[in-house]
Amino acid sequence: MAQVHAIGGKDLREMFAAATKWLEKSAPEIDALNVFPVPDGDTGTNMLLTMRSSIEEAYRAPDNSISAVAEYMARGALIGARGNSGVILSQFWRGLAKGMDKKDTLDADGLVEALKGAAAQARTGLTNPVEGTIITVAADIAEAAGESADGGKKSDLVGLMKTVVSAAGDSVARTPSLLPVLREAGVVDAGGQGLYTLMEGAMRHLAGENEVDFKKPHIIISDIPTKLPQSLSAVDEEPYGYCTEFVIVGEELDPDDIRKKLEKKGQSLIVVGDKERVRVHIHSLDPGSVIHYATSRLGTLHQVSIKNMDEQHLDFLEMQKERLPVGDIGIVAVVAGEGLADVFTSLGVGAIVPGGQTMNPSTKDILQAVEHVAADNVVILPNNGNIIATAEQVKTLTKKKVSVVPTKSIPQGVAALLAFDYEANFESNIELMTRATSQVKSIEIVRASRAAKFGGCTIKKKQPMALLDGELITVADTLDGVLLKALSKIDAAHLSVFTIYYGEGVELAEAEKTSAAVRERYPHLEVEVVKGGQPHYNYLVSVE
Amino acid sequence: MLKIVTDSLSDITGDLADKLGVSVVPIYVRFGEKVYRDRVEITTEEFYKRLEHGPILPTTTQPTPNDFAEVYKKLAKETNEILVVTLSSKLSGTYQSAVHAKEMVGGDVRIEVIDSQTVIMGLGLIVASVAKAAKNGASLEEAAALVRSAMPRSHSLMSFDTLKYLAKGGRIGRAQGFLGSLLSVKPILTMKDGEVAPVTRVRSRAAGVDYLYNFVAGFSKIEGLAVEHATTPDEAAALAERLGKLYPREQILLGNVSPVLGTYAGPHVLSVSVLHGA
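So the sequence lines, in the order shown, correspond to chains R and W. Okay, so the first sequence: first residue is 7 according to my numbering, each after it adds one. Okay, so the second sequence: first residue is 51 according to my numbering, each after it adds one.
One thing to keep in mind: the hints can contain errors.
[Said to hold, decoys possible] Within a straight-line C-alpha distance of at most 25 Å, the following computed DMTMM-like cross-link-like pairs (lysine to aspartate or glutamate) qualify: (1) R:Lys104 x R:Asp146; (2) W:Lys182 x W:Glu102; (3) R:Lys16 x R:Asp110; (4) R:Lys222 x W:Glu162; (5) R:Lys222 x W:Asp243; (6) R:Lys447 x W:Glu191; (7) W:Lys214 x R:Asp348; (8) R:Lys414 x R:Glu534; (9) W:Lys214 x R:Glu429; (10) W:Lys123 x W:Glu191; (11) R:Lys459 x R:Glu429; (12) R:Lys519 x R:Asp486; (13) R:Lys31 x W:Glu95; (14) W:Lys242 x R:Glu429; (15) W:Lys214 x W:Asp260; (16) W:Lys214 x W:Glu96; (17) W:Lys214 x R:Asp486; (18) W:Lys140 x R:Asp176; (19) W:Lys271 x R:Asp427; (20) R:Lys447 x W:Asp260; (21) W:Lys242 x R:Asp146; (22) R:Lys222 x W:Glu191; (23) R:Lys407 x R:Asp427; (24) W:Lys185 x W:Glu128; (25) R:Lys108 x R:Glu282; (26) R:Lys222 x W:Glu83; (27) W:Lys214 x R:Glu534; (28) R:Lys27 x R:Asp17; (29) R:Lys168 x W:Glu102.
Hints were generated in silico from the structure; no laboratory data involved.
Assemble the whole structure, with the sequences as input and the hints as a guide.
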């Protein structure tokens, strides 16, 4: 593949004109990712409009030096910036332009420096920079570019841009681990995705790829465990107010001072610019006071835009419906223990009701969870024999269609959950899930709460004992011992997986030791150890 | 006589393509700067050897409009009717390339391009069925109608070991909900509305094979059946043996999934495709 060692202003403009087209193709998908700072679903569109303004201005540059074109592109981005992400993008461009100042052409070292400046500049103007957003992605890009240059091998801009794109993709994939609101919604950061897409488009153009016309950018998918977007309205209950944006043109303007004055008037405040031109973006319940302040003291206002974000949010929710995983079927599970709750959530449960052995939830608790789930048809997994009847009562108390799959243990609950068939309707799923419960055996290991006699043998107080599907089958002096004894009572010929959930009183190291003993005894089986964190039971073991 | 064209993601290659009289346009597989034509310059075995042991992760690229145009021009010497059936346009730009190529061919040859909305033998069985009809003298219109009627009757079920590769390649579609599970599970996926869609999850490889078998057993009338694998021929052969109870063993197509799919599926994908009767 051809290498490129330096680019001029015309190349820069063409690269980002191509990148803007590339971004255009996935702007609607990026809109749909937008949950932070306000889920109003316009990040992709805002970044696109900002870039269009930037490219338009690029053609007005007095010459084709990289410094002139970059300066005009940064100015265009600032004038045309829309929304949070657009304003931050305009700052990114301002940083890039500073790095290219007084240069005719740009080489790999120059690009590394410009990217560093862009990452730093993107943070300025923000009163409260939040990680897991476009600013993090910009920082990661700059770092990766710097490391690549330190390696000494890259004078090739194509190679450098590939490193940048790859780092941007990885960084976007990490955003849900940095920003909880993304994790809850099961998405990556929209602004970060937008920056990744721009860089990718630029790289493809620079590399001379001619297939760009027939392709489409893809949205980064994170494999960080997410909560599925069952109930988007819970992201934030506060009213959003009005997204207010304008450019102030005046003399001797001071962005820092303006920022200070506006800080108390709303949220998501961004103030950027220079002495003659300042762009303001704020989410305010009283846009009138913001406009009044700007017009009475500062100068003339341009490109004024005031949007009702509550309306935008409703549109956004409509847009999000497609992303909901199961559509019209939601699942509620009764689970005790943080680890088990995470396991159930990661497998698609919409609401968890805390409860289990010795802590049975009320009908009301389960009813609330059923009402909370964003689906009209709801499956309840009680996961305990004593809770099935309680769960059944919910049916008569709600307008939703409710069915209880009578799971008597956690392993049965997991088996039922996994059997869920995305292609099947509600009734068929109830059947499939119910059938699945009979294909798993549950072993519960617990210490005796008092001394007792059982089938001729004596159980001492606190001695570990094992229950197989609710029946006491054996006792031993150690947890490992009782588990192995219990397993030996099951015909292992047709088994394939043991899953061991360790409870709140058990350390990981201890659980690993136990599972090692099980693996040694049953080398042909898969043995998985998972933190259950459940009270009462030291181990819950699923045998299937 | 009407000629049939497809792409290499139909998994119709080599002898089978010759036997059916189908022209196959290869998709490109790229390792770094080396580009290979699917099953022309790289075999499935070589591909997986490099995927598992090589330093670079592969990417794939659709055929160019010119690749299709060359095939059209060659066929135009023998026929004035060409039917092109491509993999799902939601997964690749191959369909667009095939459509754009129409403008690059002069003369009075009539070309119709259909987006099959599916992949692998789900597409392959449709192509095999229409290729037979073409040999029996079907016109372009009849053949196109046949393809459209076969599309909703074609189903592929794929058992994956991991969704890692699919997510990295950005082709995960609605199966996204299967990501991030805290238990190790083997996802079963299908093609729905042209996209990869989730079906269910099982805990073990054996349970996955059983699921594929039971899926096929659910059809009362089977017109075509295929079993495919990436690196596990014995497992695929054993499944085909079992399926012999449901459909004549000698008519079951047993093959390799395309390296192009392997890029997204990883090394242990196993699939069945069924074309069921009307």
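Has the given pair, Lys214 (chain W) with Asp260 (chain W), been kept, meaning a C-alpha gap of at most 25 Å? It holds: about 23 Å lies between the C-alpha atoms, which stays within 25 Å.
Is the straight-line distance between the alpha-carbon of Lys31 (chain R) and that of Glu95 (chain W) 25 Å or less? Status violated; Cα separation ~36 Å.
Next pair to validate is Lys185 (chain W) with Glu128 (chain W); report whether the Cα-Cα distance is within 25 Å. holds, 14 Å
For the pair supplied as a hint, Lys168 (chain R) and Glu102 (chain W), is the alpha-carbon distance within the 25 Å limit? Roughly 23 Å separates the two Cα atoms, so the pair holds.
Lys27 (chain R) paired with Asp17 (chain R) [C-alpha distance capped at 25 Å]: This hinted pair holds, its Cα atoms lying about 15 Å apart.
Need the status of pair Lys407 (chain R), Asp427 (chain R): alpha-carbon distance at most 25 Å? Given pair Lys407 (chain R), Asp427 (chain R) holds - Cα atoms ~18 Å apart, limit 25 Å.
Need the status of pair Lys104 (chain R), Asp146 (chain R): alpha-carbon distance at most 25 Å? holds, 19 Å
Please verify whether Lys140 (chain W) and Asp176 (chain R) have alpha carbons no more than 25 Å apart. Answer holds: Lys140 (chain W) to Asp176 (chain R) is near 24 Å, not above 25 Å.
Does the structure keep Lys242 (chain W) and Glu429 (chain R) at a Cα separation of 25 Å or less? holds, 9 Å
Given pair status - Glu534 (chain R), Lys214 (chain W), alpha carbons within 25 Å: Holds. Lys214 (chain W) to Glu534 (chain R) sits at ~19 Å (cutoff 25 Å).
25 Å Cα cutoff - pair Lys222 (chain R), Glu83 (chain W): holds, 21 Å
Does the structure keep Lys214 (chain W) and Glu96 (chain W) at a Cα separation of 25 Å or less? holds, 21 Å
Taken one by one, the earlier hints fail for this structure at numbers 2, 6, 11, 13, 17, 21, 22, listed in ascending order.
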